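Enquirer: In case you want the letters, here they are:
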Amino acid sequence: MSVKGSKPKFAMYWASSCGGCEIAVLNTGLKILDVDAAFDVAFWPVAMDAKYKDVEALPDGAITLTLFNGGIRNDENAAMAKLLRRKSQILVAFGSCATEGCIPGLANLSPAREVFDTAYGTVTTENPKGVRPQPETRVPEGVLHIPVFSPTVRTLEQVVPVDYSMPGCPPESHQIAMVIDLVIQALQGKAQLPPKGATIGAGASTVCDECPRQRNVKKITKFVRIQELESVDPNLCLLEQGIPCNGPAIRNGCGALCPRAGAQCIGCYGPAEGVVDNGARLITAFASVVDSNDPVEIERILDGIPDPAGQFYRFNLAGSLLHASRAVR
Amino acid sequence: MVDQEHFEPVIIGFTCNWCSYRAADLAGTARVKYPPNIRLIRLMCSGRLDPTFVLKALAGGADGVLITGCHPGECHYLEQNYKALRRFLLLRRTLVAMGLEPARVRLVWASAAEGVKLAHEIETMVAEIRALGPLRWGHNGTASDSAHDTHAYAMAGQEVSP
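So the sequence lines, in the order shown, correspond to chains A and B. Numbering follows our numbering, in which position 194 of the first sequence is assigned residue number 194; successive positions increment by one, without gaps. Numbering follows our numbering, in which position 134 of the second sequence is assigned residue number 134; successive positions increment by one, without gaps.
Simulated from the structure, these hints should not be mistaken for laboratory data. Do not take every clue at face value.
[Stated by the list, open to error] Looking from chain B toward chain A, a few residues come up when the C-beta cut is under 10 Å (computed):
hint	residue
1	Phe7
2	Val10
3	Leu55
4	Leu95
[Said to hold, decoys possible] Straight-line alpha carbon distances no greater than 20 Å define the calculated SDA-like cross-link-like pairs of lysine to any residue that follow:
hint	chain 1	residue 1	chain 2	residue 2
5	A	Lys218	A	Asn235
6	A	Lys219	B	Leu78
7	A	Lys218	A	Ile266
8	A	Lys218	B	Glu79
9	A	Lys82	A	Leu109
10	A	Lys222	B	Leu89
11	B	Lys56	A	Ala309
12	A	Lys218	B	Lys56
13	A	Lys219	B	Lys56
14	B	Lys56	A	Leu109
15	B	Lys56	A	Val35
16	B	Lys56	A	Ala324
17	A	Lys222	A	Arg300
18	A	Lys219	B	Leu89
19	B	Lys56	A	Arg260
20	B	Lys56	A	Val275
21	B	Lys56	A	Ala57
22	B	Lys56	A	Val276
23	A	Lys51	A	Leu109
[As the list claims (entries may be wrong)] Ranges of calculated distance between the beta carbons of each label pair, as one might list FRET restraints:
hint	chain 1	residue 1	chain 2	residue 2	range
24	A	Pro59	B	Glu101	38 to 46 Å
25	B	Glu101	A	Gly274	29 to 37 Å
26	A	Glu273	B	Asn17	25 to 33 Å
27	A	Asp60	B	Met44	50 to 58 Å
28	A	Glu114	B	Pro102	20 to 28 Å
29	B	Ala30	A	Glu228	51 to 59 Å
30	A	Pro234	B	Pro102	36 to 44 Å
31	A	Gly274	B	Ile41	44 to 52 Å
32	B	Pro102	A	Pro59	36 to 44 Å
33	B	Ala112	A	Lys196	48 to 56 Å
Note that the coordinates shown come from a computational prediction; the quantities given were computed from them, not determined experimentally. Cβ atoms here follow ideal geometry from the backbone N, Cα and C, with glycine treated the same way.
Take the sequences, apply the hints, and build the full model.
Expert: Now the structure itself:
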């Protein structure tokens, strides 16, 4: 690492996330050396030792680029979002958790009490005294503080303004490499950054547009889970085979990896350009292919989607139209 | 929180140009009374109804959404109302999975001659939503972060054994 202060500063932070985004950054391979060549890494907990107070000590706007992954689950996440917003010139909501809540956001279907009950009170947890974590615990040495749990998972943008969003669970490494290149070129004056608020590192169309499978007129009389089929036609559209594939409403940019590998799109790149609510768009897409005009028969076919909220909002619940309307900034 | 005693439901109603909007019009010219809680929006066809409209209405503070169209087999655009039916059934399942009461969305067929029927359906729906109480989906939060966070702990804390 070069002498501090001679180059623009880079930060990457994980809030409520799994760490997959960091792996995806590492997966860019040699591109990571370009990051080191172009930036001073000011703060990146997974890669180097730095304390929150080091970030606090920086002047406002001192960090040129911050990739923020993870949703906002507790007050520590929220405080770090606000701190990094203040210290960063460009704040990128990086990955599905930061942009739309992702899998942790599904907890928004349950009250916080149930989340705690599941985590600390089910058979897989040995907790005979029924202890629940408290924000303050008194021990002989003093008082311990842990982050305060919020009632819902919020996206980064529901807490602070963000400059760009980069979708994906995790974002594909080649897309990350392209974004890193773009920012480096922009710093050298060779390229222009997209307008604020843009989605970067992804396509503008849908997964179907990148999917090589053959599509005909879709008429479905039964939705099936992929493992229930004896064989899946390798060349035919999955939705046409009754497999609930989210491709029609989901943003491309991944290269349609899952459908190419024989698995349905589960929607990790979020809503395609122009789609306000990807659940609504998927409801339209799925309802259009149901081959019946009889309410009883339609209901029978729809029984094949046992968990519609999970099917249509697996990655998007916290960022969905309905849930975003409840979020508190 | 809204005073339950003085709760006036806000219901957004989507009507189709050829049947249900004319039914509402007929109810008006015939001076059939129905509660003013419904705000009607005219679409060319119930098949134009993007589920986004419904979600946007609920997110924006509506307590319920009424979707209306021509009777099955009588669609001006042949069979778009069947499309609306399929979307409605899947949308309702999704809303229920997200924690809404199924009665907050309702599908009604009404021909241009059925002003009385439409008025009756609106009356029934307003009464049902009034009984359910406000949804206020867009107003559940409080103003500050600290209130947001403390709230969760108050809920989670109830489970701590003494």
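Enquirer: Hints first: check each against the structure and report whether it holds.
Expert: Going down the list of hints, with the structure as the test:
{"no.": "1", "hint": "Phe7", "verdict": "19 Å, violated"}
{"no.": "2", "hint": "Val10", "verdict": "14 Å, violated"}
{"no.": "3", "hint": "Leu55", "verdict": "4 Å, holds"}
{"no.": "4", "hint": "Leu95", "verdict": "8 Å, holds"}
{"no.": "5", "hint": "A:Lys218 with A:Asn235", "verdict": "15 Å, holds"}
{"no.": "6", "hint": "A:Lys219 with B:Leu78", "verdict": "18 Å, holds"}
{"no.": "7", "hint": "A:Lys218 with A:Ile266", "verdict": "19 Å, holds"}
{"no.": "8", "hint": "A:Lys218 with B:Glu79", "verdict": "17 Å, holds"}
{"no.": "9", "hint": "A:Lys82 with A:Leu109", "verdict": "26 Å, violated"}
{"no.": "10", "hint": "A:Lys222 with B:Leu89", "verdict": "16 Å, holds"}
{"no.": "11", "hint": "B:Lys56 with A:Ala309", "verdict": "17 Å, holds"}
{"no.": "12", "hint": "A:Lys218 with B:Lys56", "verdict": "28 Å, violated"}
{"no.": "13", "hint": "A:Lys219 with B:Lys56", "verdict": "29 Å, violated"}
{"no.": "14", "hint": "B:Lys56 with A:Leu109", "verdict": "19 Å, holds"}
{"no.": "15", "hint": "B:Lys56 with A:Val35", "verdict": "41 Å, violated"}
{"no.": "16", "hint": "B:Lys56 with A:Ala324", "verdict": "11 Å, holds"}
{"no.": "17", "hint": "A:Lys222 with A:Arg300", "verdict": "8 Å, holds"}
{"no.": "18", "hint": "A:Lys219 with B:Leu89", "verdict": "17 Å, holds"}
{"no.": "19", "hint": "B:Lys56 with A:Arg260", "verdict": "34 Å, violated"}
{"no.": "20", "hint": "B:Lys56 with A:Val275", "verdict": "13 Å, holds"}
{"no.": "21", "hint": "B:Lys56 with A:Ala57", "verdict": "43 Å, violated"}
{"no.": "22", "hint": "B:Lys56 with A:Val276", "verdict": "9 Å, holds"}
{"no.": "23", "hint": "A:Lys51 with A:Leu109", "verdict": "34 Å, violated"}
{"no.": "24", "hint": "A:Pro59 with B:Glu101: 38 to 46 Å", "verdict": "52 Å, violated"}
{"no.": "25", "hint": "B:Glu101 with A:Gly274: 29 to 37 Å", "verdict": "31 Å, holds"}
{"no.": "26", "hint": "A:Glu273 with B:Asn17: 25 to 33 Å", "verdict": "30 Å, holds"}
{"no.": "27", "hint": "A:Asp60 with B:Met44: 50 to 58 Å", "verdict": "52 Å, holds"}
{"no.": "28", "hint": "A:Glu114 with B:Pro102: 20 to 28 Å", "verdict": "22 Å, holds"}
{"no.": "29", "hint": "B:Ala30 with A:Glu228: 51 to 59 Å", "verdict": "54 Å, holds"}
{"no.": "30", "hint": "A:Pro234 with B:Pro102: 36 to 44 Å", "verdict": "40 Å, holds"}
{"no.": "31", "hint": "A:Gly274 with B:Ile41: 44 to 52 Å", "verdict": "21 Å, violated"}
{"no.": "32", "hint": "B:Pro102 with A:Pro59: 36 to 44 Å", "verdict": "55 Å, violated"}
{"no.": "33", "hint": "B:Ala112 with A:Lys196: 48 to 56 Å", "verdict": "49 Å, holds"}
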